[in-house]
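As they're listed, the protein sequences go chains A and B. The opening position of the first sequence corresponds to residue 1 in this note's numbering, with each subsequent residue numbered one higher. The opening position of the second sequence corresponds to residue 1 in this note's numbering, with each subsequent residue numbered one higher.
Accuracy of the hints is not assured; some may be wrong.
When the alpha-carbon atoms are kept at most 30 Å apart in a straight line, the in silico DSBU-like pairs for lysine-lysine are as follows [what the hints assert, rightly or not]:
(1) A:LYS84 with B:LYS159
(2) A:LYS88 with A:LYS36
(3) B:LYS46 with B:LYS159
(4) A:LYS84 with A:LYS36
(5) B:LYS46 with B:LYS94
(6) B:LYS46 with A:LYS88
(7) A:LYS156 with A:LYS84
(8) B:LYS159 with A:LYS88
(9) A:LYS36 with B:LYS98
(10) A:LYS36 with A:LYS156
(11) A:LYS156 with B:LYS159
(12) A:LYS156 with A:LYS88
(13) B:LYS46 with B:LYS98
(14) B:LYS98 with B:LYS159
Stretch-level coverage of chain B by chain A, calculated; a stretch enters the list once three of its residues show a Cβ under 8 Å from a Cβ in chain A [to be verified]:
(15) 82-90
(16) 102-116
(17) 124-138
(18) 149-159
If you're looking for bench data, these hints aren't it; they were derived computationally from the structure. Keep in mind it's a predicted model, so treat the numbers as computed, not measured. Ideal placement from N, C-alpha and C gives every residue a C-beta, glycine not left out.
Residues per chain, in single letters:
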Amino acid sequence: MSATKRIIVKSGAAGTAAALTAAALLAFTGGTASAKSGTLRFFSKSVTSSFYTANGQPITNQNTQPAVGDYLISSDLDYVGNHKSHAKSYTATDNLVCTISVSTSTSIMGICDGAIAMGGSMLLASHETVNFAATSPVVPINGGVGQFNGAHGTVKTVQVGNTNNSDITVSYTT
Amino acid sequence: MSLSPSRRIVRRIVRRIARRAGVAAAVAAVSAAAVLAFAGGPASAKTSTLHFFSKAQTDLAYHANGQPITNQNAQPSVGDYFISSDLDYVGNHKSHAKNYTASDNLACTITQSSSTSIIGICDGVIAVGGSMLLANHVTVNLGSNNPTVAINGGTGQYKNARGAVVTSAVANTNNTDFTITYTT
Numbered sequence: 001m002s003a004t005k006r007i008i009v010k011s012g013a014a015g016t017a018a019a020l021t022a023a024a025l026l027a028f029t030g031g032t033a034s035a036k037s038g039t040l041r042f043f044s045k046s047v048t049s050s051f052y053t054a055n056g057q058p059i060t061n062q063n064t065q066p067a068v069g070d071y072l073i074s075s076d077l078d079y080v081g082n083h084k085s086h087a088k089s090y091t092a093t094d095n096l097v098c099t100i101s102v103s104t105s106t107s108i109m110g111i112c113d114g115a116i117a118m119g120g121s122m123l124l125a126s127h128e129t130v131n132f133a134a135t136s137p138v139v140p141i142n143g144g145v146g147q148f149n150g151a152h153g154t155v156k157t158v159q160v161g162n163t164n165n166s167d168i169t170v171s172y173t174t
Numbered sequence: 001m002s003l004s005p006s007r008r009i010v011r012r013i014v015r016r017i018a019r020r021a022g023v024a025a026a027v028a029a030v031s032a033a034a035v036l037a038f039a040g041g042p043a044s045a046k047t048s049t050l051h052f053f054s055k056a057q058t059d060l061a062y063h064a065n066g067q068p069i070t071n072q073n074a075q076p077s078v079g080d081y082f083i084s085s086d087l088d089y090v091g092n093h094k095s096h097a098k099n100y101t102a103s104d105n106l107a108c109t110i111t112q113s114s115s116t117s118i119i120g121i122c123d124g125v126i127a128v129g130g131s132m133l134l135a136n137h138v139t140v141n142l143g144s145n146n147p148t149v150a151i152n153g154g155t156g157q158y159k160n161a162r163g164a165v166v167t168s169a170v171a172n173t174n175n176t177d178f179t180i181t182y183t184t
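Just chain A, with the same shape it has in the complex:
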């Protein structure tokens, strides 16, 4: 898989998964979003994954090494569960925007803004650094709005085979 493709899959899945996971677990357990902490697991289904140069031109050659300033946009629909067994309808959505800040043959880093929307509230990853070269990228949760006000935690993703989808685990405390 090319570096660009890996970035899109990993980053998109991470952001989306986090949001979906939270929603899905809540649905599964019958718990409320007001719980102070939780560990959630979700299936995140890719809707859009786009990569652009710094001047906004789409990057069509996914084998190209990304340049500093390039950015990606990824959004997903999130279903409680995992790719093998999940809810029929999505209960959350997520979006992640990352701008490449470091790009070498051994390291690709990005500054990311991510959000997971559930019921008019959000879990947020604002201006967080993500290591796309990691086998399992982790996206920190550093804020929230509404019922997730003051949330902190992490989102860990596992890509589903050769797809843009992911299973995710989000752990957060409010």
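Put chain B on the given structure of chain A with help from the hints.
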């Protein structure tokens, strides 16, 4: 001691940046939810113009290295960034719903900063239910009197949304009334 005209502009702009930018994004999200609630219309409407009251929840500003900016009179530098989130109530600051039905978040990084112009690249999100209106990597003129934030995407029921959010600050607060026009 009086400030120079340019210094006054800078001070005013810096104070407005977090308030207006945050409000704009937040207002957009809140407005969408609020208007839909008011009108009783479905979110599947192709084009809508919405009016909301956006109440600030957080307004944070940082240097490029992540250190908080404590002097709000300082001219922002390229690389500085701010994060703003709001709760959104259908209506306006004079008359609005009792409970919020949406929330928003805006993160902007300063890309140009001079005595006459402050430009940022912003990522904004407005959450309505489990769906979102999005402003992904959009350029915003933070120095304008009425900053406009472009809506260039969405998730769920707002998939492929396009539009704009125009904000109007509520005097002497971090809150805002805003209007969002979008098409899906």
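Status of each hint after checking the structure:
Distance hint between A:LYS84 and B:LYS159 is fulfilled; the C-alpha atoms sit about 26 Å from each other, no more than 30 Å. Between A:LYS88 and A:LYS36 the alpha-carbon distance is near 27 Å, which keeps this suggested pair within the 30 Å criterion. For the hint linking B:LYS46 to B:LYS159, the alpha-carbon distance of about 11 Å falls within 30 Å, and the restraint holds. In summary, the hint linking A:LYS84 to A:LYS36 is supported, as the alpha carbons are separated by about 28 Å, within the 30 Å threshold.
This hinted pair checks out: B:LYS46 and B:LYS94 have alpha carbons roughly 28 Å apart, not beyond 30 Å. A threshold of 30 Å between alpha carbons decides the hint, and for B:LYS46 with A:LYS88 the separation of about 26 Å falls inside it, so the pair holds. A threshold of 30 Å between alpha carbons decides the hint, and for A:LYS156 with A:LYS84 the separation of about 18 Å falls inside it, so the pair holds. Taken as a hint, the B:LYS159 and A:LYS88 pair is honoured in the structure, with Cα atoms around 19 Å apart against an allowance of 30 Å.
Between the alpha carbons of A:LYS36 and B:LYS98 the distance comes to roughly 25 Å, so the proposed pair stays at or under 30 Å and holds. As the CA atoms of A:LYS36 and A:LYS156 are separated by approximately 19 Å, the hinted pair is consistent with the 30 Å bound. A distance of roughly 25 Å separates the Cα atoms of A:LYS156 and B:LYS159; the hinted pair therefore holds under the 30 Å criterion. Distance hint between A:LYS156 and A:LYS88 is fulfilled; the C-alpha atoms sit about 23 Å from each other, no more than 30 Å.
Taking the CA atoms of B:LYS46 and B:LYS98, the gap is about 27 Å. The hint holds against a cut of 30 Å. Between B:LYS98 and B:LYS159 the alpha-carbon distance is near 28 Å, which keeps this suggested pair within the 30 Å criterion. Counting residues of the stretch 82-90 of chain B whose CB lies closer than 8 Å to any CB of chain A gives 4, which reaches the minimum of 3, so the coverage claim holds. Coverage of the stretch 102-116 of chain B by chain A holds in this model, with 6 residues showing a Cβ closer than 8 Å to a Cβ of that chain against a need of three.
Coverage of the stretch 124-138 of chain B by chain A holds in this model, with 10 residues showing a Cβ closer than 8 Å to a Cβ of that chain against a need of three. Remark: the stretch 149-159 of chain B is confirmed as covered by chain A, as 4 of its residues place a Cβ nearer than 8 Å to a Cβ of that chain, reaching the required three.
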